[in-house]
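Number of protein chains: 2
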Amino acid sequence: MNRRNFIEKSSKATLGIAFAPEVLSSSFNFQNKTLKIGIIGTGLRGQNHISILSKRSDVEITCFADPDKYMLSQAQKILTQHNRPPAKEYKKGVDDYMTLLKSEPLDAVIIATPWDFHIPQALAAIDAGVIPGVEVCGARTIEECWELVRKSEDKNIPVMVLENVCYRRDILAIHNMVKKGLFGEILHCQGGYMHDLRGVKFNDGTPKSGKGIKFGSEGFSESKWRTQHSIDRNGDIYPTHGLGPIANMIDINRGNRLTALSSIASKARGLHKYIVEIGGKDCPQAQIKFKLGDIVTTQLQSANGETIVLTHNTNNSRPYNIGFKVQGTDGIWQENWYGKFKDGQIFIESLSDGKEMWQNPENLLTEYDHPLWKKHYNDAAGAGHGGMDFFVINAFVESIKRKVPFPLDVYDLATWYAITPLSEKSIAEGGQVQLIPDFTNGKWQTRKNTFGQSDEF
Amino acid sequence: MNRRNFIEKSSKATLGIAFAPEVLSSSFNFQNKTLKIGIIGTGLRGQNHISILSKRSDVEITCFADPDKYMLSQAQKILTQHNRPPAKEYKKGVDDYMTLLKSEPLDAVIIATPWDFHIPQALAAIDAGVIPGVEVCGARTIEECWELVRKSEDKNIPVMVLENVCYRRDILAIHNMVKKGLFGEILHCQGGYMHDLRGVKFNDGTPKSGKGIKFGSEGFSESKWRTQHSIDRNGDIYPTHGLGPIANMIDINRGNRLTALSSIASKARGLHKYIVEIGGKDCPQAQIKFKLGDIVTTQLQSANGETIVLTHNTNNSRPYNIGFKVQGTDGIWQENWYGKFKDGQIFIESLSDGKEMWQNPENLLTEYDHPLWKKHYNDAAGAGHGGMDFFVINAFVESIKRKVPFPLDVYDLATWYAITPLSEKSIAEGGQVQLIPDFTNGKWQTRKNTFGQSDEF
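Line order of the protein sequences matches chains A and B.
Everything in the first sequence is counted per the working numbering, starting at 1 for the first residue and increasing by one.
Everything in the second sequence is counted per the working numbering, starting at 1 for the first residue and increasing by one.
Warning: the hint list may mix true and false statements.
No farther apart than 27 Å at their CA atoms in a straight line, the calculated lysine-lysine pairs in the BS3-like style are these [stated by the list, open to error]: (1) B/355 <-> A/448; (2) A/273 <-> B/355; (3) A/180 <-> B/267.
Computed footprint of chain B on chain A, listed as stretches where at least three residues anywhere in the stretch have a Cβ under 8 Å from a Cβ of chain B [unchecked claim]: (4) 310-322; (5) 368-380.
Because the hints were derived from the structure by calculation, they are not lab data.
Being a predicted model, the structure only gives us computed values, none of them experimental.
For every residue, glycine included, the Cβ atom is placed at its ideal position computed from N, Cα and C.
Chain A extracted, bound-state conformation (with noise of 0.2 Å):
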């Protein structure tokens, strides 16, 4: 696959215009041209983003699409914040994103809009010659994952799949000690998303967000339409945070593929739980039945052997964790956020002294620190999520002004994204074993790893 003239060809914008964004550090590699980027989804992740490239000289954010007329004043005020000019709003509907693609000369869309609108949205972006970055989350289908595949491929633009995660500090070190050989060939390999989202999926429905149980119409930012998924849906329902940066470290994609997975849940008790509790027995919402598991866990196999294990745990009260685990031949890590350890605990045998014993991985973590966090540790710092948000902004804009294939792309996204459809089957198949197909179509046997290799982006 050619790739290499799409920019040239997709492009609308002109030569940058100057209108005095705050300076970056002299390690960006300037190119005497802005991109022009479009924000479709101007709720809470859109703001997030909006701030990070607000403070880019290489970027302009010339219009947002979202029906949240709240949002996007929200959304307005950081521009302003930042001396940039207002952006152009296209606020007619949920569809309005529509006549935004089709109206404004852009180089690049950010999807950060409810889950079911990413693909669609990807896709009619795809159709305007626009580049889209999307974030996180699982897909409603398989088919709509190949879709994605096969439209970015027939029409030559790239997809980017915002993960944050893979570019969070912790584990950009463990990834280069990966890419080191401190850990020897990769066998196993943990992580998920165990966050309490209970004061997500419900609040007092006001932009304050304080505890309620609104969700739905009624409901405030998230809980309008994330909730209706625990609902709905019994499976991983949001796997890319677990399972992207592992996929980095054992090259999914990339001369290795994800082979097969199965999927099981527990009981569904922590939201009904939370709603009695305040809501008391017999309000509406306790009579409401959650289809998602408090706890689904997927076993993965590979193409080489490595076996992973992801956790989804987002309707109980618990300390946030990815539960990272990282086991290869000749060494350990364990995440363990928040506990004694700073960032879990370690063991390389080739420093062990003979001595089972886990080590503070706090010295290593330094001494293996990413060169991207090296170099951008004073870009990235106050940047959302302690500073990943900026590396995954970074390398999306970065791609794009040099025309190298993204880090994250389109068969990762579909491949991540394809862990929901396929866990809620084996789910509801009593966890049997699902295929996971292959995106790349036999190009994961060539493809090269490209994530986290260089101190750029």
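Got chain A sorted already, so can you dock chain B onto it with the hints?
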């Protein structure tokens, strides 16, 4: 089933004969009777049990069966150290335990032999009217699990599975907290056996068990037979240490039951790597193909909706860890063996003051220290594996003396052992779900959990 009279019917023991054993603490309920116990298998594990039994005034250790004269002599030394008379030896080959069972007037036998002998020897014990206490492992086939259950039922002779980790101090404290409701309704548990056994599977062939790559007929102790399982089998070949404590917490076979599992195995690398490191790539052992994947993961489902993940990992350099995790609607405990938080990290919502942060569990483990440990702390001192071996032997002896059902019985043995052949079948079929038999034949619905319900045993 009426088992109340089984002891009187089957016991051939006479009233106690005092031969000045060490005096036990007054916490014991003596009943003016000693149990006559034989030991089948006097290797390192059998010797451990002999040490514990030798301290009890309610037990006579009358006979040993083992073809290994070195191990027999070591076992006799333990009796001598405790001023016990020597045990009669049955050492004419691996089948001489049959002669022991036919010739000796015994109440019970401890079976601590290589894994493949466990069930055949337990069957023979039942046929001889002797109660077997059987060490842990996994079964060869589902059929032999059924055979043991049926013979135990038919002959009205109970069987205990000697699962010592069920009695580990932190685990019993967590069990206590679970049963007192601190975790709310249990949703998900994890456990396993993650223990670098390379130095057990291979040694220099001498009783010093120095570093080497000998095994089988050339090896010492467990390497004589245990290593072959890693060559021939790919499954969770040692499931009980992880599963037993979880099964007790969620009432498996007593109000709940395991329904299905799915297993996957990583590539097999660790044992070959170890051999090459010691013996070089041209040594004969370097040609062996090991079937056992380094990390075997098994997902289990239960009738009451809890899910379980088990891990088996014995081929790699790593810190020891059973990796327990217990999660309910109201809290989580994660074991973190040798981590900075002694015995892991805990979160109990009701004690969290609204902060979703891990806490050091030390105070809670002390507060909820199980009555068994509180009462028998001094008795357990010096017993194997941090004292827990005392409790499993104590439960075996006291249950027989008091003529009450074993807390870990033949149904538990069959269910836990069955994980091994079912996981092998699942892996061989690419991870396909296997149904777990109901060895209680429906009795799980009414049976009551008696494990850990008193301070006696």
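**Item:** Unmet hints by their number, sorted upward, for this structure
**Value:** Numbers 1, 5 - these are the hints that the structure violates, sorted from lowest upward.
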